[in-house]
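J.: In case you want the letters, here they are:
Number of protein chains: 2
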Amino acid sequence: MQKHSIPKGTRDFTPQEMVNRNYIFDTIKAVFQLFGYQQIETPAMENLSTLLGKYGEEGDKLLFRILNSGNFLSGVSGEDISEGNLLKISSKLCEKGLRYDLTVPFARFVVQHREKIVFPFKRFQIQPVWRADRPQRGRYREFYQCDVDVVGSDSLLNEVELLQIIDEVYRRLKIKVVIKINNRKILSGITEIVGQKDKIIDITVAIDKMEKIGLDKVKEELINKGIDSAAVEKLQPILLLEGTNSDKLRDLRTILKNSQTGLKGVDEIQTILYLLDNHQFAMPVELSLVLARGLNYYTGTIFEVQAQDVEIGSITGGGRYDNLTGIFGLDGVSGVGISFGADRIYDVLSQLNLFPATADTQTKIMFACFSEEGQRFALSLASALRSAGTGCAIFPDTAKMKKQMSYANDRQIPFVAIIGEDELLQQKVTLKNMKTGEQQLVTKGELLLLKLG
Amino acid sequence: MQKHSIPKGTRDFTPQEMVNRNYIFDTIKAVFQLFGYQQIETPAMENLSTLLGKYGEEGDKLLFRILNSGNFLSGVSGEDISEGNLLKISSKLCEKGLRYDLTVPFARFVVQHREKIVFPFKRFQIQPVWRADRPQRGRYREFYQCDVDVVGSDSLLNEVELLQIIDEVYRRLKIKVVIKINNRKILSGITEIVGQKDKIIDITVAIDKMEKIGLDKVKEELINKGIDSAAVEKLQPILLLEGTNSDKLRDLRTILKNSQTGLKGVDEIQTILYLLDNHQFAMPVELSLVLARGLNYYTGTIFEVQAQDVEIGSITGGGRYDNLTGIFGLDGVSGVGISFGADRIYDVLSQLNLFPATADTQTKIMFACFSEEGQRFALSLASALRSAGTGCAIFPDTAKMKKQMSYANDRQIPFVAIIGEDELLQQKVTLKNMKTGEQQLVTKGELLLLKLG
Numbered sequence: 001m002q003k004h005s006i007p008k009g010t011r012d013f014t015p016q017e018m019v020n021r022n023y024i025f026d027t028i029k030a031v032f033q034l035f036g037y038q039q040i041e042t043p044a045m046e047n048l049s050t051l052l053g054k055y056g057e058e059g060d061k062l063l064f065r066i067l068n069s070g071n072f073l074s075g076v077s078g079e080d081i082s083e084g085n086l087l088k089i090s091s092k093l094c095e096k097g098l099r100y101d102l103t104v105p106f107a108r109f110v111v112q113h114r115e116k117i118v119f120p121f122k123r124f125q126i127q128p129v130w131r132a133d134r135p136q137r138g139r140y141r142e143f144y145q146c147d148v149d150v151v152g153s154d155s156l157l158n159e160v161e162l163l164q165i166i167d168e169v170y171r172r173l174k175i176k177v178v179i180k181i182n183n184r185k186i187l188s189g190i191t192e193i194v195g196q197k198d199k200i201i202d203i204t205v206a207i208d209k210m211e212k213i214g215l216d217k218v219k220e221e222l223i224n225k226g227i228d229s230a231a232v233e234k235l236q237p238i239l240l241l242e243g244t245n246s247d248k249l250r251d252l253r254t255i256l257k258n259s260q261t262g263l264k265g266v267d268e269i270q271t272i273l274y275l276l277d278n279h280q281f282a283m284p285v286e287l288s289l290v291l292a293r294g295l296n297y298y299t300g301t302i303f304e305v306q307a308q309d310v311e312i313g314s315i316t317g318g319g320r321y322d323n324l325t326g327i328f329g330l331d332g333v334s335g336v337g338i339s340f341g342a343d344r345i346y347d348v349l350s351q352l353n354l355f356p357a358t359a360d361t362q363t364k365i366m367f368a369c370f371s372e373e374g375q376r377f378a379l380s381l382a383s384a385l386r387s388a389g390t391g392c393a394i395f396p397d398t399a400k401m402k403k404q405m406s407y408a409n410d411r412q413i414p415f416v417a418i419i420g421e422d423e424l425l426q427q428k429v430t431l432k433n434m435k436t437g438e439q440q441l442v443t444k445g446e447l448l449l450l451k452l453g
Numbered sequence: 001m002q003k004h005s006i007p008k009g010t011r012d013f014t015p016q017e018m019v020n021r022n023y024i025f026d027t028i029k030a031v032f033q034l035f036g037y038q039q040i041e042t043p044a045m046e047n048l049s050t051l052l053g054k055y056g057e058e059g060d061k062l063l064f065r066i067l068n069s070g071n072f073l074s075g076v077s078g079e080d081i082s083e084g085n086l087l088k089i090s091s092k093l094c095e096k097g098l099r100y101d102l103t104v105p106f107a108r109f110v111v112q113h114r115e116k117i118v119f120p121f122k123r124f125q126i127q128p129v130w131r132a133d134r135p136q137r138g139r140y141r142e143f144y145q146c147d148v149d150v151v152g153s154d155s156l157l158n159e160v161e162l163l164q165i166i167d168e169v170y171r172r173l174k175i176k177v178v179i180k181i182n183n184r185k186i187l188s189g190i191t192e193i194v195g196q197k198d199k200i201i202d203i204t205v206a207i208d209k210m211e212k213i214g215l216d217k218v219k220e221e222l223i224n225k226g227i228d229s230a231a232v233e234k235l236q237p238i239l240l241l242e243g244t245n246s247d248k249l250r251d252l253r254t255i256l257k258n259s260q261t262g263l264k265g266v267d268e269i270q271t272i273l274y275l276l277d278n279h280q281f282a283m284p285v286e287l288s289l290v291l292a293r294g295l296n297y298y299t300g301t302i303f304e305v306q307a308q309d310v311e312i313g314s315i316t317g318g319g320r321y322d323n324l325t326g327i328f329g330l331d332g333v334s335g336v337g338i339s340f341g342a343d344r345i346y347d348v349l350s351q352l353n354l355f356p357a358t359a360d361t362q363t364k365i366m367f368a369c370f371s372e373e374g375q376r377f378a379l380s381l382a383s384a385l386r387s388a389g390t391g392c393a394i395f396p397d398t399a400k401m402k403k404q405m406s407y408a409n410d411r412q413i414p415f416v417a418i419i420g421e422d423e424l425l426q427q428k429v430t431l432k433n434m435k436t437g438e439q440q441l442v443t444k445g446e447l448l449l450l451k452l453g
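Chains A and B, in that order, give the protein sequences.
As numbered in our numbering, residues 1 to 453 make up the first sequence, in order.
As numbered in our numbering, residues 1 to 453 make up the second sequence, in order.
Be careful, since some hints might not be right.
Which copy? The list can't say, so a pair holds if one copy fits it or any two copies do.
[What the hints assert, rightly or not] Dumping the calculated BS3-like pairs for lysine-lysine here, alpha-carbon to alpha-carbon at most 25 Å: (1) Lys234 / Lys174; (2) Lys435 / Lys88; (3) Lys402 / Lys116; (4) Lys400 / Lys428; (5) Lys428 / Lys197; (6) Lys209 / Lys248; (7) Lys264 / Lys234; (8) Lys92 / Lys61; (9) Lys403 / Lys364.
Bear in mind the hints are in silico, worked out from the structure with no lab data behind them.
Turn these sequences into a full structure, and let the hints steer you where they fit.
T.: Here it is, written out as structure tokens:
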């Protein structure tokens, strides 16, 4: 037989995996809706003009491009080929590309539909994205993102609600996490007071590694990046700030007293924590001054969530961007949002054995029949059960008992109703509990009253 | 501002559209699960070797191909370009294509995972597919299919359950439909007894148009296709068979008495109707001898569903195929399945105004605040409501009353809880019913006890 497979970096999902994946998506979606967010979807394909230049040079290379329909070679000359400029040729061969993330399509959506959108627009979106990355363990070429964003409001209440959403999602999933927050303005302030304002990216990239490589290595990297040692010495006490969030904020106020931007960042964090104050969080919220993700676009609050019991990196992240739609020419639309990484969450739940033990949650009972008359009886019983909302299956073939039982077993269906000749004569079924092995003869009425599964 | 759009034939879905679309998907999915079917998903991309040659020459042209990553030109010579053989060049440029339907990926899935699958395998799959068709009203380049199939069982009980699924889905959606069935073997038998066995495709393509163009035009087309007039005269009484399903079966038995295949088809339909016998169907099931879809692959029962109150063609269709996985070298796996066309169902529900009138089903109440203290109070009330499962939103900005009210109105949120200075002092909210305009001052305890939405 021919060997058939799927493109590398992509996956099939079996029924059991789908049950588990839906458990994650349904949980996240329910929480998004509880907080008043509304779902949208965008097409898998976007025009390349929408996508190109939004993810850096590296990102452009990782876009999956779709060959134009019809005569895709029109416009490509022999000269182009001999010249061999792949980027130029691909832009002639392809007008469309697959969605690389949900943020850029969302920005495009907001600009395109701005007349009809009610702002502040609280949207969520759960869809796959595609990246021509080198596949490796835990990194796929097709994977789902679960994004929740609000645009058209600069209120810090949005940040507070996003923190609540994170807390609630992980409380429901029973994953212990640490929620880390920081603020781009605090990072700016820090680089300002150490006199290296223009080196914010180098500095933050280095200090972001504090937890992984420790203070000495970070200092080494800073020196290597050309930060002078006086500045590095000035940075050190900031990196080592300890204590509660209030302690850190108090110390920061002193440290950043000469940076207006820095103090603005401190104020923002303080407001968020104040608004959060009287809420019982299941998960700790921790001000982390070394948290520095997405500095190319985040302008205010930065979020990152790490699982406590599994080493897997960030499982949720996000932040505030003051000008999401600026890339499409619509300025002044501030937004803040976070993205849940469904695949990493899946891995965490797997490793910690936290998926609910409901393999085939929907099929509570299977009918085993051995004749057409038996099937007719099963059909009428199944209809009655389904009308009452109980999912059930009839083994479609009049196969041997063993085969039918083994099927129910494999699918982990909790009950089997056996309809042999005797049962048919009595218009009853022998109900077998597949877990305990117990059997009892029951009527249709009794069957309908039983609590199955 | 730059104009931004999406590729032709694709669509964005707004929150309202998503609510409606989810209503369709959730309804279909719930019924599939009630009948013991299990969900799978396959990647958006398949290897072109999996897809090519499965949809005919025309289908191959309609596949969206994905440009290879990296040096996609390696292998393409200047000679290829000057030769201009598009199919040859595209197969060098592209190894992958987008899913064109759910059936071929399902067949590939079954073959690839056959060792792990529990047969009979009852699977459903709800995912988008892509076709480079010319976009037109009601036809898109990206659209969803909802497929339900069972493979590894040739029992007609499966057909019966699929009919029940169709009936139940449309009963729940409140769409009146006619469910038409036929059998490929009956069609074969008919062509056999009129002595035109080799012309089955020509004959069935013509008679399939009976309802649209009438008997005379069908006869004309048959003659034009080279069917001799004696055969056409022999066909006529069969096309005009009337009466109940039993009447038709009785007459067919006589007509087809010299065709073993034909009689086998009659037996199959009769068994299906016998098994269905004691079931109350909401929708009529009608044996239609002129129903002739998918004859390239269907080998037994053929299904088609038409809406009674809207002219839109088939909204569900399917049939039995004796050798689904044969295309991938695994013979002897019989299957039967149907596909629900979500987009056409959407159009029917829209035209008949059958969508439930729940625009923003999830957000029952919005808090309107005018100060940070008000927001803090709102946050604590919202948390309590959410813990009780009530979806709510806090207007994030301390904007003017009018703006906040208009937002709630636009989003059709049924209640607004106003937190002004007075309310804050009393630790109460003024609850406004947005439909009636009624207002009342309530405590937190009272708010939690109210039935909202």
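J.: Would you mind marking each hint as holding or not holding in the structure?
T.: Against the structure, the hints:
1. Neither within a single protomer nor between protomers do Lys234 and Lys174 lie at most 25 Å apart by alpha-carbon distance, with minima of 41 Å and 71 Å respectively.
2. Within a single copy, Lys435 and Lys88 get their C-alpha atoms no closer than 63 Å, and across copies no closer than 58 Å, so neither meets the 25 Å cut-off.
3. Proximity of Lys402 to Lys116 under the C-alpha cut-off of 25 Å is restricted to the inter-copy arrangement: shortest distance 19 Å between copies versus 61 Å within a copy.
4. Proximity of Lys400 and Lys428 under a CA criterion of 25 Å is satisfied intra-copy only: 20 Å inside one chain copy versus 68 Å between copies.
5. With identical chains, the CA atoms of Lys428 and Lys197 are never at most 25 Å apart, being 82 Å at best within one copy and 48 Å at best between copies.
6. In the homo-oligomer, the alpha carbons of Lys209 and Lys248 lie at most 25 Å apart inside one protomer (19 Å), although the nearest pairing across protomers, at 78 Å, exceeds that limit.
7. For the identical chains of this complex, Lys264 and Lys234 are intra-copy neighbours only, at 21 Å inside a copy versus 89 Å across copies, given an alpha-carbon limit of 25 Å.
8. In this assembly of identical chains, Lys92 and Lys61 lie within 25 Å of each other by CA distance both inside one copy and across copies; the values are 15 Å within and 19 Å between.
9. For a Cα distance limit of 25 Å, the shortest separation of Lys403 from Lys364 inside one copy, 18 Å, qualifies, whereas the shortest one across copies, 50 Å, does not.
Of the hints listed earlier, those the structure fails to meet are numbers 1, 2 and 5, in rising order.
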